Structures are given as C-alpha cells and as structure tokens.
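Sequence order for the protein chains is A and B.
The first sequence: position 41 = 145 (the working numbering), numbered continuously.
The second sequence: position 157 = 183 (the working numbering), numbered continuously.
Hints listed in this document are in silico derivations from the structure and should not be mistaken for laboratory results.
Here the structure is a predicted model, which means the values were calculated and not measured.
Watch out, some of these pointers could steer you wrong.
Some residues of chain B that are not near chain A, with every Cβ distance over 12 Å (derived) [to be verified]: (1) Gln34; (2) Ala118; (3) Pro121; (4) Ala128; (5) Gly223; (6) Cys234; (7) Ile250.
Ranges between beta-carbon positions, derived for each pair [as the list claims (entries may be wrong)]: (8) Thr172(A) - Gly31(B): 32 to 38 Å; (9) Ile124(B) - Thr172(A): 19 to 25 Å; (10) Asp165(A) - Ala101(B): 51 to 57 Å; (11) Ala66(B) - Ala257(A): 47 to 53 Å; (12) Lys188(B) - Gly121(A): 41 to 47 Å; (13) Pro204(B) - Asp205(A): 43 to 49 Å; (14) Gly121(A) - Gly31(B): 50 to 56 Å; (15) Ala300(A) - Leu187(B): 20 to 26 Å; (16) Ala238(B) - Ala257(A): 39 to 45 Å; (17) Thr261(A) - Val45(B): 30 to 36 Å; (18) Gly160(B) - Gly121(A): 16 to 22 Å.
For each residue, glycine too, the CB sits at the ideal point set by N, CA and C.
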Amino acid sequence: MPGTPLLAAHSISLERGGRELFQDLSFEVLPGHLLQIEGPNGAGKTSLIRILTGLSRYGFDGRVSRHTALLYLGHHPAVKALLTPRENLAWHVAGEGQYSDEQIEIALAKVGLYGYEDVPSHALSAGQHRRVNLARLYLSQCPLWLLDEPFAAIDKTGVLELEALLVRHVEAGGAVVMTSHQALQVNYEIRFLNLAEGMVS
Amino acid sequence: MNPPGSLQFCARLLRRQLVLAVRRPIEIGNPLLFFAMVVALFPLGLGPAPDQLAGFAPGILWIIALLSNLLTSDAVFRSDFEDGSLEQLLLAPQPLFISVLAYIGAHWLITGLLLALVSPVFALMLNLPGSAVGTLVLTLLLGTGVLSLVGCIGAALTVGLKRGGMLISLLILPLYMPVLIFGSAAVKAAVTGVPAGPYLAILGAMLCLAIALAPLAIAAGLRISIDA
C-alpha cells in the first residue's frame with residue numbers, strides 16, 4: 105500500500121545537557137523514501153535514529169509510530185569475535201528469519217567475504233566486521249532500514265555496492281533512513297533532513 | 027521469510043551462548059577453580075578437625091556456591107552490550123521475556139549445573155556425611171537456578187556501568203540470602219536425618235517465582251541500560 109507511512113515522527117524534541125538539539129521535528133517515511141539525516145557532529149543524528157528505532161524511550165518529547173518491522177544497524181557491528189561470520193548471521197540476536205547456509209554464503213559473498221564464512225571473526229578486521237553486519241541487509245526482509253553511518257570503515261567499492269543496494273531496496277518499495285557525512289552518489293531522489301534546520305527537503 | 031517463533035529463537039540464543047562459552051573455556055573453569063580454592067582454604071582457617079568441618083560444611087559449600095555465582099553473573103550481558111548485540115536483541119520481534127531466559131539458562135548450565143555436579147567432590151573434602159550429598163546436589167540444582175535468575179537482574183541493571191562489580195554485589199546479595207538460608211538448612215537437615223523435603227519445596231517455590239518474575243525485571247533493566 106503506497107501512501108501508508110512505515111514510520112512517522114510526531115513533533116520530536118530532544119534536549120541534551122541543557123542544549124536543544126532539535127525541536128518539533130515531524131516527518132513521515134513512506135515506501136520508496138530514501139531519507140538522509142544530516143548535521144554536524146553532535147547534532148543528534150545518532151540520538152534521532154535511536155529514538156526512531158525505539159531504543160531510546162525516555163528523555164525526549166514527542167511520539168514515534170512504527171508500522172512495520174525494522175532493521176537497525178548501529179555504530180557497533182554486533183559481531184561476536186568468537187563466532188564465525190556464518191554463525192554470527194545464522195544465530196543473530198535480532199531474531200530474523202532462519203537462513204539456509206546457501207543464503208548466508210551468498211550474502212557474505214556479496215559483501216566481499218567469500219572464503220571467510222568459517223574463519224573465526226577475531227581474525228577479521230574492523231572493516232570486515234562491519235561487512236558481516238552489512239550482510240544482514242542482503243538477508244533481511246524488513247521493509248524499513250535505519251542505518252547509522254553505514255559507510256564508516258567501508259572501502260570505496262563497498263560504498264558503491266552499498267549505495268546500489270539501498271537504491272534497489274527503496275525501488276522495491278522499502279524505505280531507508282540513514283545518517284552519513286558522505287553525499288550519496290545515487291541516481292535516486294534523496295530526501296534530506298537537516299537537523300540544524302529541522303526541515304525535510 | 028517470517029521471523030522464528032519465540033521458543034525457536036530462545037533455543038537459537040541458548041545454542042549461541044553455549045558455543046560462545048565453550049570457545050572460552052576459562053569462563054567455565056573459573057567458577058569451579060574458585061570453588062575448589064576457597065573450599066581448600068577452610069580446613070586451613072578452621073583447623074583440619076573432620077568433625078568440626080562436617081558441621082560447617084553445608085554453610086561453607088552454600089556460601090561458596092553463592093559467591094562463585096556472583097562472580098560470574100556480572101559478565102552475562104557485558105560482551106553483548108559492548109559489541110552492540112544487546113541493542114539488536116531489544117529490537118528483535120520476539121518477546122524479551124523469553125529471550126533473556128536463554129541467557130539465564132546458558133549461565134545456569136555453565137555455572138550452577140556444573141557446580142552442582144562436581145559438588146560431591148568438594149563435599150568429600152569437607153567431610154560432609156555421605157547421606158547429605160544427594161540433598162546438597164539437589165539444593166544446588168534448584169538454588170543456583172534462583173541465583174542465576176536474580177544475578178541476571180543485577181547484571182542487566184549494571185551492564186551500562188564501567189565498574190558495576192561492586193554495585194551488583196550490593197544489589198543482589200540481599201536477594202541471595204533466602205536461597206542461602208533454605209539451601210544450607212536443607213543440607214543441615216539431611217545431615218541430622220530430618221526430612222529435607224520442606225526446604226527443597228521452598229527452594230522450588232522460589233525458583234518458580236524467580237522464573238516468573240526475574241525475566242520481567244531483567245528485560246526492564248536491559249531497556250533502561252540501553253536507553254541510558
């Protein structure tokens with residue numbers, strides 16, 4: 105159903121340490137939206153994403169209504185060093201579907217970890233940990249993705265592939281809300297939410 | 027693809043926690059080693075008179091079981107908190123009540139259950155009469171379940187703190203006391219030949235109560251810790 109919002113924020117205001125980060129922020133995320141949250145460091149981008157996911161439930165004013173399953177990728181990759189990438193995805197704590205070995209192998213191959221499926225994750229680099237985490241995007245069926253700095257520690261080709269994936273996702277009727285300092289190089293209409301101005305454009 | 031059901035997810039988490047524990051065997055060995063070391067201290071401190079040791083044995087064994095549980099419960103959620111897994115767990119569509127039971131279950135299996143299984147050896151070291159050993163194992167099986175459940179409440183509340191170790195002791199030791207009282211009383215009863223059934227029944231009731239209520243407190247504690 106196009107037109108029904110997947111996520112709606114109703115006049116959210118956040119104050120941290122006596123400073124108002126944003127005020128009276130209202131917006132809707134509809135299927136097909138690619139929303140990039142912008143703002144300098146400390147503008148409250150991560151705080152806003154955490155409010156949208158529901159991880160932050162107190163300390164802000166306003167209301168968030170979520171109408172669908174969401175996938176959140178935060179600053180921490182949630183990859184256990186003692187488990188292999190395959191186990192990390194198969195037993196992921198986010199409680200998504202049961203994936204077959206083949207699906208996991210394909211997802212790991214897509215993030216450039218072909219051949220690393222059964223290597224203990226402590227032998228992988230920080231960037232590879234982030235890639236294991238990104239493999240969840242290839243597996244997930246969630247329509248709404250909330251991504252906090254998904255490009256951090258990812259190399260150039262990885263960024264291009266990720267951008268292409270995001271576009272495929274929104275074109276297929278999903279929605280993406282992300283924070284990034286980088287400008288997205290995609291051939292798709294991006295909505296910007298500038299926290300300094302509090303406007304969606 | 028539909029997300030797995032709560033119980034299936036719980037089983038998956040349990041497996042994950044156990045694999046993680048097995049890959050770091052020191053975590054499993056530590057409480058047992060602690061138990062062995064402290065048991066060895068008592069004959070040195072109290073004097074090696076077998077009769078005297080036998081009298082104190084139920085209390086000694088129970089206090090050490092309690093402390094070794096306290097020692098490990100601090101770490102139940104810590105690594106998941108640090109690497110972001112806990113955030114993902116809170117966002118999972120499955121109820122957190124069931125999911126945290128997997129964490130508690132894994133913790134009990136690698137501390138409480140193992141401790142209960144090796145406790146006859148330690149009981150022997152303290153000259154506990156053979157007739158009471160069965161009761162000791164049974165009380166430890168029931169009691170450490172309560173300890174794990176209660177300990178995880180403390181762990182959930184303090185997981186966000188840099189040094190939660192001291193605070194967790196202050197928070198949960200008072201809640202450990204009823205378990206200690208009835209656990210050691212059951213063993214003492216068995217030593218003197220009085221039926222230990224009533225004490226075991228009370229321990230069982232505590233376990234039921236803890237299973238029903240502790241996950242609620244743990245889930246709320248985790249949400250607060252992640253929010254802060």
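Hint-by-hint comparison with the structure:
Non-interface call for Gln34(B) relative to chain A: violated, since the shortest CB-CB distance, roughly 8 Å, does not exceed 12 Å. Chain A draws Ala118(B) into its interface by the beta-carbon criterion, the shortest separation being 3 Å against a cut-off of 12 Å. A cut-off of 12 Å between C-beta atoms contradicts the statement that Pro121(B) is not in contact with chain A; the least separation is 10 Å. Some Cβ of chain A comes within 12 Å of the Cβ of Ala128(B); the nearest lies about 10 Å off, and the non-interface call is violated.
No beta-carbon of chain A comes within 12 Å of the beta-carbon of Gly223(B); the shortest separation is about 41 Å. Consistency note on Cys234(B): stated as away from chain A, and its beta-carbon is indeed over 12 Å from all of that chain's, at 27 Å minimum. Not every C-beta of chain A lies more than 12 Å from that of Ile250(B), the closest at about 9 Å, which undercuts listing it as non-interface. Thr172(A) and Gly31(B) have their C-beta atoms about 20 Å apart, which leaves the hinted 32 to 38 Å range violated.
For Ile124(B) and Thr172(A), the hinted distance range of 19 to 25 Å is satisfied, since their beta carbons lie about 22 Å from each other. Checked against the hint of 51 to 57 Å, the pair Asp165(A) and Ala101(B) fails, with Cβ atoms roughly 36 Å apart. Between Ala66(B) and Ala257(A) the C-beta distance comes to about 49 Å, which sits within the given range of 47 to 53 Å. For Lys188(B) and Gly121(A), the hinted distance range of 41 to 47 Å is not satisfied, since their beta carbons lie about 19 Å from each other.
Between Pro204(B) and Asp205(A) the C-beta distance comes to about 48 Å, which sits within the given range of 43 to 49 Å. The given range of 50 to 56 Å is broken by Gly121(A) and Gly31(B), whose C-beta atoms sit roughly 43 Å from each other. Taking the beta carbon of each, Ala300(A) and Leu187(B) are about 33 Å apart, not inside 20 to 26 Å as hinted. The hint said 39 to 45 Å for the Cβ distance between Ala238(B) and Ala257(A), and at roughly 44 Å that hint holds.
Distance hint for Thr261(A) and Val45(B): a CB-CB separation of about 33 Å, consistent with the stated range 30 to 36 Å. With their beta carbons about 59 Å apart, Gly160(B) and Gly121(A) fall outside the hinted range of 16 to 22 Å.
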